[in-house]
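Trainee: Position one of the sequence shown corresponds to residue -16 (our numbering), numbered consecutively onward.
Please keep in mind that the hints were generated in silico from the structure rather than gathered at the bench. Every value quoted in this text rests on a predicted model; they were computed, and no experiment measured them. Misleading hints may appear alongside valid ones.
[Said to hold, decoys possible] Quick list of in silico lysine-lysine cross-link-like pairs, DSBU-like style, CA-CA up to 30 Å:
#1 LYS131 <-> LYS61
#2 LYS30 <-> LYS48
#3 LYS124 <-> LYS30
#4 LYS82 <-> LYS48
#5 LYS61 <-> LYS46
#6 LYS48 <-> LYS61
#7 LYS46 <-> LYS30
#8 LYS131 <-> LYS48
#9 LYS131 <-> LYS82
#10 LYS124 <-> LYS46
#11 LYS131 <-> LYS46
#12 LYS131 <-> LYS30
[Unchecked claim] So the derived label-pair ranges between C-beta atoms look like this:
#13 ASP23 <-> PRO104: 27 to 33 Å
#14 ASN90 <-> ARG28: 29 to 35 Å
#15 ASN69 <-> LYS124: 36 to 42 Å
#16 ALA79 <-> GLU33: 40 to 46 Å
#17 ARG71 <-> SER103: 21 to 27 Å
#18 ARG85 <-> GLN130: 37 to 43 Å
#19 SER103 <-> TRP27: 35 to 41 Å
#20 LEU77 <-> THR47: 40 to 46 Å
#21 PHE128 <-> ILE78: 21 to 27 Å
Beta carbons: idealized from backbone N, C-alpha and C, even for Gly.
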Amino acid sequence: MKPWIKRIVLGFAGITLVVGGLTACGVSRHHGMGSMSDADATAWRAKQIERVADRLDLDATQKTKLAALGEVMAQQRKALRGNADNPRAEFQALIAGPKFDRTGAQNLVQQKTEAIRTASPQVIAAMGDFYDSLRPEQQQKVRDFMQKQKRGRRM
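Full structure from sequences and hints, please.
Mentor: So, in structure tokens, the structure goes:
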């Protein structure tokens, strides 16, 4: 695989993991109604897939691969969130006492790391399948979008 393709795939995987981690740590608010239901999340994901499909002018096969990527990413977010109904409570529990719960924090990090380690091959494969199915001009649009996003987020 060419080095720039590896960087893009790994970049997308990294972004996915970071976004998934942040999503797992916080409680998503949907129109002020609490956390988003599975049905709402599915509808939102379908809308986003349509937006990307329109912008990239995807054919049916590419759209199917994008939908598969979205599903794998959703599963990754669920795995990162774990069984907790309120992920924020897990973090609040670490500082509930007079001392920081270092053991609890380490266990939490290990759980999240294992979730990433377990699901990342599927995320990378789905991203690779989708990206590799794009025509060169579509791939360029993706690279341009990433470059535009990079300029907007200087640290």
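Trainee: With reference to the structure, classify each hint as holding or not holding.
Mentor: Hint by hint, here is what the structure shows:
1. LYS131 <-> LYS61: At roughly 29 Å apart (the allowed maximum being 30 Å), LYS61 and LYS131 satisfy the hint.
2. LYS30 <-> LYS48: 15 Å, holds
3. LYS124 <-> LYS30: Roughly 19 Å between the alpha carbons, so the hint for LYS124 and LYS30 holds.
4. LYS82 <-> LYS48: Distance ~48 Å between LYS82 and LYS48 Cα, so the pair is violated.
5. LYS61 <-> LYS46: 23 Å, holds
6. LYS48 <-> LYS61: Holds. LYS48 to LYS61 sits at ~20 Å (cutoff 30 Å).
7. LYS46 <-> LYS30: 12 Å, holds
8. LYS131 <-> LYS48: 24 Å, holds
9. LYS131 <-> LYS82: Given pair LYS131, LYS82 is violated - Cα atoms ~43 Å apart, limit 30 Å.
10. LYS124 <-> LYS46: Status holds; Cα separation ~16 Å.
11. LYS131 <-> LYS46: 23 Å, holds
12. LYS131 <-> LYS30: Since the Cα atoms of LYS131 and LYS30 sit roughly 22 Å apart, the hinted pair holds (cutoff 30 Å).
13. ASP23 <-> PRO104: 27 to 33 Å: For PRO104 against ASP23, whose Cβ atoms are near 28 Å apart, the range 27 to 33 Å holds.
14. ASN90 <-> ARG28: 29 to 35 Å: Holds, at about 31 Å.
15. ASN69 <-> LYS124: 36 to 42 Å: About 39 Å separates the Cβ atoms of ASN69 and LYS124, which means 36 to 42 Å holds.
16. ALA79 <-> GLU33: 40 to 46 Å: 43 Å, holds
17. ARG71 <-> SER103: 21 to 27 Å: 24 Å, holds
18. ARG85 <-> GLN130: 37 to 43 Å: Given a distance of about 40 Å, which is inside 37 to 43 Å, the answer is holds.
19. SER103 <-> TRP27: 35 to 41 Å: 23 Å, violated
20. LEU77 <-> THR47: 40 to 46 Å: Taking Cβ atoms as reference, LEU77 and THR47 lie about 42 Å apart, which means the hint holds.
21. PHE128 <-> ILE78: 21 to 27 Å: 38 Å, violated
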